[in-house]
Amino acid sequence: MLVLQNLSNALILACTYILMAAGLTMVYGVLKVLHIAHASVYTVGAFVGVLAFSRVGNFWVALAIAMLVSGVFGVLIYRSTYFYLLNSPRTVPLIASVGMFVMFTDLLQKPFLMGAYQRAFPAGGAGLPAIKTALFSFTPKQVLILLVAIILLAIVYLILTRTKLGLSWQAASMDREMASAVGINLNQSIAANFFLGSALAGAAGVLVGVYNNSVFATMGDLPSYKAFIIIVLGGMGSLPGAILASLILAIVENFLVASIGYVLPRDSIAFLVLILMLMFRPNGLLGRE
Amino acid sequence: MKHKLSFLLIALTIFSLILAGCAPQPTPTAVVEQPAQTEAPQATEAPQMTEAPATEAPQITETTVAEEPAAPSGEPIKIGFFSPTTGFAAADGTSALQSAQLAVKIVNERGGVLGRPLELVYYDDAAKPDQASAIARKLIEQDKVVAAISGSYSGATRAAAPIFQEAGIPMLAAYAIHPEITKTGNMIYRIGTLATTQGRVGAELVGKVMNLKKVAILTIDNDFGISLTEGFKQHAAEIGLEIVLEEKYPLGETEFRPIIGKIKASGAEVVYATGYYNEAANLVSQARDEGLEIPIIGQEGYDSPKFIELAGEAAEGVIITTDLNRDSERPMTRLFLEQYEATYGEKADMVGASAFDAIMVLAYAINTAGSTDPLAIVKAISELKNFEDVASGPFWYYTPEREVVRPISSQIVRNGAFHLYHEFTDEALVKP
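Taken in order, these protein sequences are the chains called A and B.
First residue of the first sequence: 1, per our numbering; consecutive thereafter.
First residue of the second sequence: 1, per our numbering; consecutive thereafter.
Looking at chain A on its own, in the form it has when it is part of the complex (with noise of 0.2 Å):
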């Protein structure tokens, strides 16, 4: 029975993971940049979900506005760097990135923009009811967490399989310069690809704000290095893998602790399966060689 609460718990947590590791998997698909940076466009989402939910008072307009900001923030970061540097060493894009987001986390920092403080985030579970059963339950606030995160990644599904949009980014992740002498507007298609995992990155901010009920200038810290570990695990740039990936990671967390308890940092057990799945398997869970 505890077995099952702690699953389901896991569940949620890996929810969040997941929409945010899904994000940053679809930009290194494209782009073969690892953008730490997302992480800043995780709580730029969070901080505009929690402005936008003091002034509406909705839930859902909340989550529509940080996620369209976050977008449109991540097209700006893309335009504004990566755009120069596509063709540089691979290496060049992931400074700027990790530039960035010291940057962007020092900035929102500032007192004009969110400041020192944390904020709550007091949209409980947006009027969804709670599931109990005899074995498990989950509040509302996870039900909202499961519920967003599925229609999500389905949106995501749809459009990675179902559309030409799909179609450019897979053509894109197999070999940039062939995509565009076959007639791909690579511009728009990555353009696009960075609007809608930087939406998830929002979302995932806003989902996290509301379960912890705080934003914090901070917060991007730990999701900066946690999905650039999940996107690692599943295979570089495998969204079946991350997605796989941050199941696993979040099961092992709360069993672990739930086990021994906190033998180390709950966080630091992601660089230990990390170590591990390097040694023994490099490519990560569902890579191609």
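The set of hints was computed from the structure by calculation and includes no laboratory data.
By construction, the Cβ of each residue, glycine as well, lies at the ideal position given by its N, Cα and C atoms.
Any given hint could turn out to be false.
What the hints assert, rightly or not - Here are the simulated BS3-like pairs of lysine-lysine, each with C-alpha atoms no more than 27 Å apart in a straight line:
1. K208(B) - K431(B)
2. K144(B) - K105(B)
3. K132(A) - K262(B)
4. K110(A) - K138(B)
5. K347(B) - K379(B)
6. K183(B) - K144(B)
7. K132(A) - K264(B)
8. K110(A) - K347(B)
9. K138(B) - K214(B)
10. K183(B) - K385(B)
11. K379(B) - K138(B)
12. K110(A) - K105(B)
As the list claims (entries may be wrong) - Covered stretches of chain B, going by a simulated chain A footprint (3 or more residues, C-beta under 8 Å):
13. 132 to 146
14. 308 to 314
Based on the hints, put chain B in the right spot on chain A.
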């Protein structure tokens, strides 16, 4: 393949670099508090000054005798101050800094110290020990401060303390409560209550006031939490509490659900959970979500209006031990709480009260000493008796170990605010 691995390695290296050192260097942003030279004393402060008994706080009466205290003039007296205004501890550091600035303003409105204005020289240490020690040297050698205040966490404060001790400059730790800090030497004093003492009061609260027996202890894995738990367990053994579960968790943890399951299974009647308000808010909300309804006991780490804001309904009924009694009618407590909210638009917290009190104690000590001689200042602090001019007071006296002795209150959250639950005035209990 090889390419991919080496890229990953580079990525990891860069990553570990940001994780280790992304904090900004100590920026020399000395905040100079301009004494309000032309302003007349504020009417709101007048009553509280005259109420203070003359025997208890001589320096108050000195400034009150003259209806309009002379505006401070001459060379400012520099007080060094460091606190984390960036990084994970930015909220506490900001509260501490703002409260210290408020205290400096109040002191200068009353006529300054020794007729001279007080000036705060401030640096951001990001709660990092290496930055704190660099700042300590800078404050001593470059800024030539008369005394210093740490508005930072225990780790950073422990790093700075020996440097001030060696230079013979008095340092007051505002809310860093690790026992080792004051053991550094005769120049280092503390404003907050020693962690082990507060832990002891926590055990007394559980065993004697609430009459509960089976405790689950949840410790935040840093100096703060470990010292608190130490004090708690020691007194728990003395008064016969039964510890049914003990767990540690890391700073910044947000997911307590797996541990809550264990607490539920342990048969505990009460949870003693050390931590700061952000961890506490998550712990308390998740505990209530998961149907764990037993009382949760915290301490001053919870003592922030942000705790109630973040935990919402779940905060109701949580009891903490703290130095700041929000229901107190003491004039200085009221003055601090009201002026802080009026100045910064946020409600004050315990961390801020400690930094505020550190300035008030230093101002008193320099005035009493009649000079800025370091030894005279620490002598004045060590001889302080029934000091009322502080927000978290009264300070009864300082022990020879340079720890403050004063009543400790426990506060309960009711209707979205901290209220007095029980006051511990037994000297044997609250004396470190």
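Structure-based check of each hint:
Only pairs whose Cα atoms come within 27 Å are accepted, and K208(B) paired with K431(B) is accepted, the gap being roughly 18 Å. Distance hint between K144(B) and K105(B) is fulfilled; the C-alpha atoms sit about 21 Å from each other, no more than 27 Å. Between the alpha carbons of K132(A) and K262(B) the distance comes to roughly 20 Å, so the proposed pair stays at or under 27 Å and holds. Taken as a hint, the K110(A) and K138(B) pair is honoured in the structure, with Cα atoms around 25 Å apart against an allowance of 27 Å.
Under the criterion of a C-alpha separation no larger than 27 Å, the hint pairing K347(B) with K379(B) is inconsistent with the structure, at around 34 Å. Distance hint between K183(B) and K144(B) is fulfilled; the C-alpha atoms sit about 24 Å from each other, no more than 27 Å. Note on K132(A) and K264(B): the hinted pairing holds, with a Cα-Cα distance of about 18 Å set against a maximum of 27 Å. Taken as a hint, the K110(A) and K347(B) pair is honoured in the structure, with Cα atoms around 19 Å apart against an allowance of 27 Å.
Of the pairs offered as hints, the one joining K138(B) and K214(B) is violated, with about 50 Å between alpha carbons and a cut-off of 27 Å exceeded. Between K183(B) and K385(B) the CA atoms are separated by roughly 22 Å; this keeps the pair inside 27 Å, and the hint holds. Between K379(B) and K138(B) the CA atoms are separated by roughly 25 Å; this keeps the pair inside 27 Å, and the hint holds. A threshold of 27 Å between alpha carbons decides the hint, and for K110(A) with K105(B) the separation of about 23 Å falls inside it, so the pair holds.
For the stretch 132 to 146 of chain B, the proposed coverage by chain A is not satisfied: 0 residues have a C-beta within less than 8 Å of a C-beta in that chain, short of the threshold of three. By the rule of at least three residues with a Cβ nearer than 8 Å to a Cβ of chain A, the coverage given for the stretch 308 to 314 of chain B holds, with 4 such residues.
Comparing the model with each numbered hint stated earlier shows that hints 5, 9, 13 do not hold.
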